[in-house]
Each structure stands twice: as C-alpha cells, then as structure tokens.
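There are 2 protein chains.
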Amino acid sequence: MRKVAILGVGHTPFTFLAEKTAVELFSEASMEAINQSNLKVSDIQAMFVGNVLGDFSEGQGMIQSYAADEIGAKNIPASRFEGACASGTMAIRDAFMWVTSGFYDIVIAGGVDTVSKMGTPLATRTFAMFTDAHYEYPSGLTFPGAFAMLAHLYSAKYSITLSRLKQQMAMVSVQSHKYGNYNHLGQLHKVITIDDVLNSGMVTSPLQLNDCCPFSDGAAAMILASEEIAKRLTDKPVYITGLGQASSGRFSAQKEYLPRLYARDVSVRQAYAMAGITPKDVDLCELHDCFSIASIIAAESLGFAEFGHGGELWEKGEADIKGRIPINMSGGLKSKGHPLGATGAAQAIDIVKQMRELVEQERQVEDVKVGLTDTLGGDGIICNLVLQRGW
Amino acid sequence: MRKVAILGVGHTPFTFLAEKTAVELFSEASMEAINQSNLKVSDIQAMFVGNVLGDFSEGQGMIQSYAADEIGAKNIPASRFEGACASGTMAIRDAFMWVTSGFYDIVIAGGVDTVSKMGTPLATRTFAMFTDAHYEYPSGLTFPGAFAMLAHLYSAKYSITLSRLKQQMAMVSVQSHKYGNYNHLGQLHKVITIDDVLNSGMVTSPLQLNDCCPFSDGAAAMILASEEIAKRLTDKPVYITGLGQASSGRFSAQKEYLPRLYARDVSVRQAYAMAGITPKDVDLCELHDCFSIASIIAAESLGFAEFGHGGELWEKGEADIKGRIPINMSGGLKSKGHPLGATGAAQAIDIVKQMRELVEQERQVEDVKVGLTDTLGGDGIICNLVLQRGW
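Top to bottom, those sequences are chains A and B.
Numbering-wise (the working numbering), the first sequence opens with residue 74 and increments by one.
Numbering-wise (the working numbering), the second sequence opens with residue 74 and increments by one.
With the rest of the complex left out, here is chain A:
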C-alpha cells in the first residue's frame, strides 16, 4: 500500500442561507482544490462526496453526479457517502483506500450540505433522523437532548458540579469564537464572553444557545493523490497517516458507557495504531464540537486529557493556541459552522492550511507537523478520525 497525500484544498465560506445550490458549492470547492493542485479537471479520476440532507434541503439526490459534471469531470465514478455528520471524513477515508491501493492516482473527496436553507424547524426534525428514529426520537431524543444528557452524566460521573462544568463549557465556546472570529471562511464572526454564554437562551438544560453550533451551508473538498504524484506537484504534501471508523449501537443502549462514546474509543485506537503514534505526538486537533460539552468529552477520548479532566484543557489554556494541544483553531463547528457533509473535510483542510502556514496570522499555530481531525455522526454512534502528517 502506498502513501496518500493531500494536495490542494478548497473551502467555500460557511454561511446561513447560501445563494448557491449544493452542487454549485461543491463544484466551487472542487475547482479551488484542483487549481491549487496545479491539476486539470481531466486529471481527476473519481469523486467521493459526503452529503447528508441534499434530498431534504433541495430535493436533490445523487448530487455527486451533477457536481462531477458541473466541473467538467465527465463520466468519472462519483459516489455519495452518508454517515450523518461524519459523512465528509467517511468519504475521505474511502477515497484514501482507492488511492493507496493503486486503483486511482488522483481523486477528489469532501462534502457539502445546505442545512440552513431548510429553516430551523425542518433542520431540527431532519437531524433527528440521525438518532434512532423508531425508538429514541419518539421519546424526544433530539441532538441537543442527547448532548445535554451527556453533560448531566458527565457532571455526575466525575463529580464536577454542573456550575463548574458550565463554566468549562462556556470557555470552550469562548475560545472557539475567539479564533473563529479570524477565520474569513467561518460563519459567525463575533467574540463572546463567558457571561454571553451563560446568559444566552436555554436550549436544553444545561445547554444554552452559545453551547450549540449553528445550522450552516457550505462545501469543502481536497485532492488526494499518490505520494509519487504529490511529490511532483507540491513541495508541501500532507500525508494521511491514520484513519479510524466505527459505529456503535443506539445511543440509549450505551447507557453503561456514556458519557464516553464507544464508536470514538474504537476509532481512536485504529487511527493511532495505523499511524504508529500516540496522542502526545499530535500538534493540533480539530474536534467535533457540535455542542460545547462534546468538545470536553472528545478531548478525553482522543487522549489529550484524563477522563473527567477534559474541561481543564480550556481552564488552563492547554487547548489554546500556545497550549499543549491547540484545539479548534478554525473556530470549530461552533463558530466556523457545521454544514454536515462538509464539516469533517473542512476540519482536515484547516489542518492542511495550518501546516502550510496559510491561515490568518492570529490563529496560526507554530510548527504543526501532526494533526488530528475528529468527527462524530448522529448522536455519537459513528466516529471517523483522520490523522495527518506534514511533509
């Protein structure tokens, strides 16, 4: 199996109410990635697209075929992946396999969704299709409910008062907005304070509005190529060195295990083992902060803090730009936005840009050699991880 590198990357602005369709957005991101790679469209051999809600938001299925045609990549195989919010990284993992195996040399992978167009009620309803629709959703378990429950369980299990946990959670959101404010591709450009979080509207106790990421529209795409081609086209190839993917049973069936998420714990072992590294080797992490509590829980399973001590990463500045493990310097889902299918690809792309020192100076981490992208699908029952290493 040969090494696989990321060449150019493309990333539309993440916004509310995008004027463009999902096909147009993914095409825009794809063309940016192709141009940045010094490739022609005709070099692209296959397309792998994460897309969750295209059928609902625009009444358009199989958008991958239209996107391939839109950029002029005539008649290539184009596949759509749906793993809820992990769809983008699911597509990337799959694209990796087609290149590492030698079947293709140059492919495009990423994702897109136009969620905000649906409006909040329908978006909320459709998101609930990614919990167990037959048994859990009818009991009221939407995503905010699931993650609010995790916060309560976390507080109880680790004997952290809810008031302290809410402070920690607020710090997560404050940091995300601090750096997201600099990200010109992000959705929310607004510095917030801990008081802003604690005074924001209650969504589902203990989650308040500023503990929750927004609904977003956008696309992200990257070129994956064999090492040989990468070395010919760029002096800054970013290699995909580790991947993890796992599913688990429905959220409520994991009750003994929560607030840890089983799918993530399995994926983490896979990814680090494949790359042959440990959490200590990671210089930068983009993790799945759909809700502030999700960041704390993720940081622990990813190996950056002991269980029950994740929040301290933010309390002590260890997750900050000059800390031990900078987290979500893109602004995260909270500030940058969360267009489902695009999210994981956008996280991995921000890490590529950090490695190439191409992000805004205010959020540029020094000397990033190893990065980790973490994505959750649904109410945490899918997890996809991508480990990247610079040239």
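Treat the hints with caution; some may be incorrect.
Any copy, or any two copies together, can satisfy a pair, since identical chains are not distinguished.
Stated by the list, open to error - Heads up, simulated DSSO-like pairs for lysine-lysine below, C-alpha to C-alpha not over 27 Å straight-line:
id	residue 1	residue 2
1	Lys395	Lys190
2	Lys147	Lys328
3	Lys230	Lys147
4	Lys76	Lys304
5	Lys328	Lys93
6	Lys442	Lys309
7	Lys93	Lys147
8	Lys309	Lys389
Since the hints were made in silico from the structure, they are not lab data.
Go by the hints and put chain B onto chain A.
Chain B in isolation, oriented as in the chain A frame:
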C-alpha cells in the same frame, strides 16, 4: 491486488408494504449471508450498505450503524452509499476495493429500501429527486417521463415503428413475469401476456402499467472475502472479476447521445476491460429493467445486440432461458421488484445462485460460468456494473 470472492448471500422476500423496518430487513439478509458462509458475526470486519430513501420512508438516516449493531457486529465501520438505484452495486464495488487491497478480509455488502411504505404519490415524488431537481424535475421529468422519451427517441432513431417497439417491450415484460413467477423471493407472481401489457393502463405514452416495475420493499446482502478465505470456506466461491462505475451529466444534456446512456457505455468498457472478457463470454445477465424499454437499451450497450436490434433478443428468444444470452431470469425489476438500494445486490446474488444451481428449476440456466449485473442510477446518469465468474 488479490482476488475477491462472494461467499454466502442473503435475500429477503421483495414485497409491498413490508412489516419490517429497513434495519430489520438488512439484518435478516445479512444473517442469512453470514450463516450460509459458515462464518460468525464476529468475523465481519466492515459493512457497506446501499440505501436511498431510508430518511424518507422511515425517517431514519445512517441505517448502516443500526444494522451492524442489530446483527451484533459491534463497532465495525459501516458506511452508507447513495447512487440512486445503483446504490447496492456501488456499495459492493466499494467493498471489493477494501478486500482486494488487503485492508479487510471479510466484509458484508448489499442494500435495502422500503419504498412501497411511502405510498405511490410520495414514492413518485421522492424518485424525482434522482433526476435534476433544479431544472429537469420542475419541467415534469419524472422517471416514467424520461424512459418514455427514450422509447420515442429509440423508435425514431432506429426507424422502428412505435407499434413494433411496443410489441418488443411487451415481450420483455412477459418474459420477466414468466420467470419471476417461479422466483419465491419475488414480488409479483403472475404470468402475463402481450395483450395484458398492451391493455394495461397508460402511464406515460408509450409506457403502460405493465412496462413499469413496481414499488418494493426488501434487502439483499453478500459476504465478500479474500480468495484465500473463500477457498477455505466454500468450494463454490464466485469471484468478482470486473467492475464499472460512471456518472454523466443530466439527462437532458445528453440529448445528442440518447437513447444510449453515456454512463453505461463508459462503465461497460471498464468492466469488460477489468475482467479481460467480451460480451460473448457472458452466460447470464441481470439488467436494469425499471421500464421495459430500459431492457432493450441496456442489452445493446452491454454488447448483446447491435444498436437498434435489442428488442430482437426477446423476439427471437435469444434472451430466453435457452437463448444466446439469458436475461433477467430472476424476473427482473419488473416482476421480482425494485427496492432501490437492494436491487443491484439482489441481481448479483441471483447470478451467484444460478452459478451454484440453487434457483428454482424452472428458471435455472445451464452451466453459468460468467454473469453480468447491470444497474442504472436515477434517470440513467449513473451506471454500476459487476462481472462475476464461478469457481
């Protein structure tokens, strides 16, 4: 790259209004495939599922995770593929890559949908998401409209009177029902005559009710494994020797090319080249007869008849059980049913059973060594092909 074989196969009955959910149906098919392979659930390393409309028919996304958990395949990676009606073969093609590359040794692949549950109006509306939703569907281009247009174009291009073409189309449906009547897993068990077709209700001229496949619920799954494992577990491994996948621009943009479908023509070249064979080497074909005209058009691009002469395969009995190239001995989509995500997997499975001489005697083709599965996605803008060869 190593050889990949199909071991056990599983196939639920295809029905109207299945009592079971998509997760239950796919689990049932999966367990049949696992048991038939003399494997344990814990041997399964990954799951690849084609599912098109789960979100609409049952309000359930990411069914692959729930299905993996339902059969007890704890925490394996499970991915969902959507390529409209080609989703099942898209999943199989992808699963093939993960095994041939050596990353996994034993995986499960297939698909499921529960379409009929939605009722005809919603099913028709959701199917139209797999035409171009922004420009074509608003002009009234649903699937029957698209294929009716192909029939008119075919008649004009090859100077075959519509009346003769309708006779040929009727022969396609009559043959499908003849053999589908014997298929105990099929949906429609009813022998029909040419008059039955020509007297059935008009859907979209020239397509009448008996030119159209039904809405269906069902699942199909197969075990893919490396050659080494296959040889240990069965004396009848069926190898996947060729694969093709391509997309094309929107249906209306192919106007100069129609009634041929560009995606199929590209896929055909890929699949035969990969297997190193020609159409003459194929002993049995299951092709995508969503409408009777689709069979005639498919048979030509697949290389079984000259262009403009596809219908003669049925007129002359060459597509019949003792003919030159038996086609759709399962009953095809027309009689067996068409539960989108399951369809391509079910076709490939029927070929496996034919090779192992496990189908009903009345539809058993003699000495099948090489089989071809053909699936179209949407209004023909995706095509996935699978070539299989017996032990």
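* Classify it for me, Lys230 with Lys147: is the Cα-Cα distance of at most 27 Å met within a copy, between copies, both or neither? => between (55 Å within a copy, 25 Å between copies)
* Tell me, please, which holds for Lys76 and Lys304 at an alpha-carbon limit of 27 Å: within, between, both or neither? => within (11 Å within a copy, 31 Å between copies)
* To do: Since the copies are identical, ignore which copy is meant and state whether Lys309 and Lys389 lie within 27 Å (CA to CA) inside a copy, between copies, both or neither.
  => Answer is neither; intra-copy 33 Å and inter-copy 62 Å both fail.
* From the Cα coordinates, with 27 Å as the cut-off, is the pair Lys147 and Lys328 best called within, between, both, or neither? -> Answer is between: at 15 Å across copies they meet the 27 Å cutoff, but 48 Å inside does not.
* Indicate which option fits the pair Lys395, Lys190 if close means a Cα-Cα distance not exceeding 27 Å: within, between, both or neither. => Classified as neither; 37 Å inside a copy, 55 Å across copies.
* Asked: When no copy is named, should Lys442 and Lys309 be tagged within, between, both, or neither for a Cα gap of at most 27 Å?
  -> within (11 Å within a copy, 50 Å between copies)
* Copy assignment of Lys93 with Lys147, given that the CA separation must stay at most 27 Å -> within (22 Å within a copy, 40 Å between copies)
* Given a CA cutoff of 27 Å, do Lys328 and Lys93 count as a within-copy pair, a between-copy pair, both, or neither? -> between (41 Å within a copy, 26 Å between copies)
The structure does not agree with the numbered hints 1, 8 stated previously, though it agrees with the rest.
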